[in-house]
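Protein chains: 2
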Amino acid sequence: MKLIATDMMQEINLRMESIINHMSKNGIGAILVASGANIYYTTLRMFRGYVYIPLVGDPIWFVVKPNIFEKENHLIPIHKPEMIPGELEKLGYAIPENIGLEFDALSYSEITRLKGLFPNSQICNGSVPLSQARMVKTDWEIDQIKQDAMHQSEVYRRVVHCYKENMTDLELQIEIERVLRLEGCLGFTRTAGSMMDINMGSVIAGDNADAPSPFDFSMGGAGVCAALPVGANGTTLKPGETVMVDMSGAFNGYQSDMTRVWRVGDIPEIAYKAHDCSIKILRACENIGKPGIKVSDLYAIAEKIVAEEGLQDYFMGHSQKAKFIGHGVGIELNELPVITARSKVILEKNMVMAIEPKFVIPEVGAVGIENTYVVTSEGLQSLTIFPDEIQEL
Amino acid sequence: MKLIATDMMQEINLRMESIINHMSKNGIGAILVASGANIYYTTLRMFRGYVYIPLVGDPIWFVVKPNIFEKENHLIPIHKPEMIPGELEKLGYAIPENIGLEFDALSYSEITRLKGLFPNSQICNGSVPLSQARMVKTDWEIDQIKQDAMHQSEVYRRVVHCYKENMTDLELQIEIERVLRLEGCLGFTRTAGSMMDINMGSVIAGDNADAPSPFDFSMGGAGVCAALPVGANGTTLKPGETVMVDMSGAFNGYQSDMTRVWRVGDIPEIAYKAHDCSIKILRACENIGKPGIKVSDLYAIAEKIVAEEGLQDYFMGHSQKAKFIGHGVGIELNELPVITARSKVILEKNMVMAIEPKFVIPEVGAVGIENTYVVTSEGLQSLTIFPDEIQEL
Numbered sequence: 263m264k265l266i267a268t269d270m271m272q273e274i275n276l277r278m279e280s281i282i283n284h285m286s287k288n289g290i291g292a293i294l295v296a297s298g299a300n301i302y303y304t305t306l307r308m309f310r311g312y313v314y315i316p317l318v319g320d321p322i323w324f325v326v327k328p329n330i331f332e333k334e335n336h337l338i339p340i341h342k343p344e345m346i347p348g349e350l351e352k353l354g355y356a357i358p359e360n361i362g363l364e365f366d367a368l369s370y371s372e373i374t375r376l377k378g379l380f381p382n383s384q385i386c387n388g389s390v391p392l393s394q395a396r397m398v399k400t401d402w403e404i405d406q407i408k409q410d411a412m413h414q415s416e417v418y419r420r421v422v423h424c425y426k427e428n429m430t431d432l433e434l435q436i437e438i439e440r441v442l443r444l445e446g447c448l449g450f451t452r453t454a455g456s457m458m459d460i461n462m463g464s465v466i467a468g469d470n471a472d473a474p475s476p477f478d479f480s481m482g483g484a485g486v487c488a489a490l491p492v493g494a495n496g497t498t499l500k501p502g503e504t505v506m507v508d509m510s511g512a513f514n515g516y517q518s519d520m521t522r523v524w525r526v527g528d529i530p531e532i533a534y535k536a537h538d539c540s541i542k543i544l545r546a547c548e549n550i551g552k553p554g555i556k557v558s559d560l561y562a563i564a565e566k567i568v569a570e571e572g573l574q575d576y577f578m579g580h581s582q583k584a585k586f587i588g589h590g591v592g593i594e595l596n597e598l599p600v601i602t603a604r605s606k607v608i609l610e611k612n613m614v615m616a617i618e619p620k621f622v623i624p625e626v627g628a629v630g631i632e633n634t635y636v637v638t639s640e641g642l643q644s645l646t647i648f649p650d651e652i653q654e655l
Numbered sequence: 263m264k265l266i267a268t269d270m271m272q273e274i275n276l277r278m279e280s281i282i283n284h285m286s287k288n289g290i291g292a293i294l295v296a297s298g299a300n301i302y303y304t305t306l307r308m309f310r311g312y313v314y315i316p317l318v319g320d321p322i323w324f325v326v327k328p329n330i331f332e333k334e335n336h337l338i339p340i341h342k343p344e345m346i347p348g349e350l351e352k353l354g355y356a357i358p359e360n361i362g363l364e365f366d367a368l369s370y371s372e373i374t375r376l377k378g379l380f381p382n383s384q385i386c387n388g389s390v391p392l393s394q395a396r397m398v399k400t401d402w403e404i405d406q407i408k409q410d411a412m413h414q415s416e417v418y419r420r421v422v423h424c425y426k427e428n429m430t431d432l433e434l435q436i437e438i439e440r441v442l443r444l445e446g447c448l449g450f451t452r453t454a455g456s457m458m459d460i461n462m463g464s465v466i467a468g469d470n471a472d473a474p475s476p477f478d479f480s481m482g483g484a485g486v487c488a489a490l491p492v493g494a495n496g497t498t499l500k501p502g503e504t505v506m507v508d509m510s511g512a513f514n515g516y517q518s519d520m521t522r523v524w525r526v527g528d529i530p531e532i533a534y535k536a537h538d539c540s541i542k543i544l545r546a547c548e549n550i551g552k553p554g555i556k557v558s559d560l561y562a563i564a565e566k567i568v569a570e571e572g573l574q575d576y577f578m579g580h581s582q583k584a585k586f587i588g589h590g591v592g593i594e595l596n597e598l599p600v601i602t603a604r605s606k607v608i609l610e611k612n613m614v615m616a617i618e619p620k621f622v623i624p625e626v627g628a629v630g631i632e633n634t635y636v637v638t639s640e641g642l643q644s645l646t647i648f649p650d651e652i653q654e655l
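Taken in order, these protein sequences are the chains called F and S.
Okay, so the first sequence: first residue is 263 according to the numbering used here, each after it adds one.
Okay, so the second sequence: first residue is 263 according to the numbering used here, each after it adds one.
It is possible that part of the hints are untrue.
Since the list gives no way to pick one copy over another, a pair counts as held whenever it fits inside one copy or between any two copies.
With a cut-off of at most 30 Å between alpha-carbon atoms, the simulated DSSO-like pairs for lysine-lysine come out as follows [to be verified]:
#1 K327 with K585
#2 K535 with K426
#3 K352 with K542
#4 K377 with K287
#5 K342 with K377
Quick caveat, the hints were computed from the structure, so don't treat them as lab data.
Let's have the full structure, built from the sequences with the hints guiding it.
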C-alpha cells in the first residue's frame with residue numbers, strides 16, 4: 263500500500279492527534295522534533311530540520327536540507343534553527359511556557375543549542391510523549407510491519423538453501439544478508455540509544471551464544487572484532503550445535519523482528535525441552551496479551567513457566583542474562599514497551615512488540631523463538647508467520 | 263599485527279598521553295568517557311561502562327557489562343554510574359573542579375544523569391579533547407587503517423566481476439556488499455552525529471547522483487525508501503552513465519574511505535574532464551598537505567583548480583552542494599578535521615583524512631575519486647591504492 267498525498271496527510275494527522283494527546287497529559291505546550299526517527303514518524307520523510315508541533319494549530323516543518331520540498335504546505339526552509347522563533351512569530355504562533363525537546367535522542371550539545379531558541383520557556387523531555395505515541399501503532403504502521411514480516415519470513419524460508427556443510431556462522435550470515443538485501447531489506451538497523459551497534463542482525467551458533475555482549479540485545483555473541491562484539495564469531499558450524507538466526511526485518515521505514523533456530527545434526531534433548539518451553543511461553547503470552555493487561559504480567563508468566571520447567575539457569579542467557587523478554591518494535595528496533603518485571607505499561611490495542619524468550623544451553627547453543635506481535639482484543643496476533651520448530655540445516 | 267596484552271597497554275598509554283595533553287590545554291581535570299567509540303578508543307575494547315581519565319593517576323575502567331573482564335587491572339565492576347564517586351574515593355582519587363563529559367556523543371538524558379555524580383564540579387565538554395586526540399592517529403591506528411584500505415582495494419578490484427548487464431545500481435551494490443563481507447568487512451558503518459544513517463555505503467549511478475540527501479555525505483542519492491534517502495535508487499544501469507562506488511572500508515575497529523568511478527558504455531567528455539580535475543586536486547593536496555599547513559588551504563586549492571577549469575556548477579553536487587571536500591576518518595567515518603573553507607585546524611603528522619573532490623554531471627552521474635591519506639612530512643600519503651581512472655564495467 264503506497265500512500266498518496268492525501269492519505270499521507272491523514273496518516274500524519276492521526277499521529278499528531280496521539281502526540282498532542284500525550285503532550286497535553288504531560289503539560290507540554292509544543293515539541294520541537296529534530297531526531298531522524300521522529301522526523302520520519304511525524305512527516306513520513308527524512309530531512310535535516312525540525313518539526314514544530316504546537317498543542318493548538320498546524321505543525322510546521324522547518325527544513326534545512328534538502329531544499330527540494332520547498333513548494334509544499336506546512337514547510338519553511340531555514341538555514342539554521344535560530345531562525346525558528348522569528349518564523350513562528352511571523353506565523354502568529356505564541357511560544358508556550360513548556361517546550362519539549364528530545365532529551366533521549368539528541369546529544370547534550372544539540373539540546374543546549376535548541377534550548378537557546380526559547381529563553382523564556384521551561385524546557386522538558388519531549389522524548390516522553392513522542393515515544394508514548396509511537397508505542398501504539400496506527401493501522402498503516404501495522405501494515406508496514408506486516409509487510410516487513412512477510413519479507414523476513416520469505417528470507418527465513420531460504421536459510422536452509424544458504425547453508426553449505428563446513429561453512430562458518432559468519433559465512434551463513436553473509437549468504438542470508440544477500441538474500442535479505444535482494445528481497446528488499448534496507449541493510450540498516452535503526453536503533454535507539456548509544457550502545458546498540460549491529461549490522462544486519464546475528465547468526466549465533468554453539469557456545470558463541472554464551473559470549474556476553476555489551477549491547478542490549480537479548481543474546482550476545484562475541485562477533486569477529488573487539489569493536490563490534492556481537493553475533494557470529496567465525497567458527498565452523500558443527501554437528502550437535504544449534505544456529506540461532508535473528509536477522510533484519512527492515513524493509514521499509516519500519517521493521518519486524520523474528521528469531522528461529524536451526525540445528526546441525528543431532529542436538530541433545532535439553533535443547534528441545536528449552537525450545538518447547540519458549541513456544542509454551544509465547545502461547546501463554548498470546549492468550550493473556552490483551553488490552554488492559556500489564557506488560558509485567560507477560561514477564562511474570564514467562565518466569566513462572568521457566569521455573570515450572572526448571573530451566574532458570576539457561577533462560578535469557580547463561581553466563582550473562584538479559585533482564586527483558588521482549589520490546590516494542592517499529593521505526594526503531596528497540597521501542598516501548600520493554601517487557602520486564604518492573605514495567606508499568608498497560609497493554610493497548612495496536613501496540614507492536616517482539617517477544618523473545620530464549621535459552622542458552624552450554625555446549626549446544628541458543629534456542630527459543632521470537633515473533634513480532636500486534637495487540638488485539640483477542641490477544642497477541644503474530645505478524646511473523648514461520649514454523650516454530652527447530653529445523654535441520 | 264595482533265596486539266598482545268603489553269603492546270595493548272602501551273598503545274592505550276600513548277592515547278592517554280594525547281588525551282591528557284588536550285585535557286590540560288582545555289583546563290579539564292578528569293574526563294568520564296561513556297560513548298562506544300570513545301570506550302573503544304581508550305581501551306581497545308567495547309563494553310557498557312565508563313572510563314575515568316584523571317589528569318594525574320591511572321585511568322579506571324568501570325564496567326557494567328559484560329562482567330567477564332573482572333580479573334583485569336584498572337577495572338572495577340559496577341551496576342550503575344552512581345557507584346563511581348564512591349569507588350573513586352576508595353581509590354584515593356580527589357574529584358577535580360572541572361570534569362569533562364561527552365556533550366557531542368551522549369544524549370541530554372545521559373549527560374544529565376552523569377552530571378549528577380559530580381555535584382561540586384564544573385561540567386564541560388569532554389568531547390573536545392577526545393576528538394582532538396583522535397584526530398592525530400598513533401602508528402598502530404594508521405596500521406589498522408592501512409589494513410582496511412588494503413582489503414577495500416581488494417574488493418574494488420572485484421567490482422567489475424560483480425557487474426552483469428542490465429542489473430540495477432542496487433543489485434550491483436548488493437554483490438559488492440557480499441564481496442566486502444567475505445573479505446572481512448564488519449558490515450557496520452560507525453558514524454558520529456544523529457543524521458548520518460547509512461548501510462554499507464553507496465553505489466550511485468546516473469542522475470541519482472543529483473538527488474539530494476538529508477545526511478552529511480559528500481554525495482546524496484535518493485535511496486529506495488523514504489526512511490533511508492541515500493545511495494542506490496534501484497534503477498537499471500544504462501550506457502552513458504557513471505557508477506560511483508563509495509562502499510565500506512570497515513574491516514576492524516577502524517575504517518578507510520575510498521571512492522572510484524566506473525562507466526557503462528561511453529560517457530561524454532565533460533565527465534572525463536571533471537574526473538581529471540578531481541585527480542588534479544588530489545595531486546595538489548598531496549603536494550601541499552604537510553604538517554603546519556592549514557586545512558582550509560586544501561579547500562582553497564581545490565576551489566582554485568575547479569574555478570580554473572570552469573567546473574564550479576558541478577563541484578560537490580549540482581542541485582545541492584556539500585560544503586566540505588573531505589573529513590578525518592578513524593573509528594568513526596566522520597572525524598576531525600572537516601576540510602572546509604573555514605576550518606581552523608593546522609595539519610599535523612599522522613592525521614588521517616579522506617579527501618573526495620567530486621562532481622555531479624547532469625544526465626551522466628558522479629565522477630571524482632576519494633582516497634584516505636595520512637599526513638607525513640613529505641605530504642599526504644594515500645593508503646587507498648587503486649587506479650584513479652574511470653574504469654569500464
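Outcome of the hint check:
Taking CA atoms no more than 30 Å apart as the test, K327 paired with K585 passes between copies only; the shortest distance there is 12 Å, against 40 Å inside one copy. Taking the shortest Cα distances, K535 and K426 sit within 30 Å of each other inside one copy (27 Å), while across copies they are farther apart (48 Å). Taking the shortest Cα distances, K352 and K542 never come within 30 Å of each other, neither inside one copy (60 Å) nor across copies (48 Å). In the homo-oligomer, the alpha carbons of K377 and K287 lie at most 30 Å apart both inside one protomer (22 Å) and across protomers (28 Å), since each shortest distance falls under that limit.
Taking the shortest Cα distances, K342 and K377 sit within 30 Å of each other both inside one copy (14 Å) and across copies (28 Å).
Hint 3 from the earlier list is the only one contradicted by this structure; the remaining hints agree with it.
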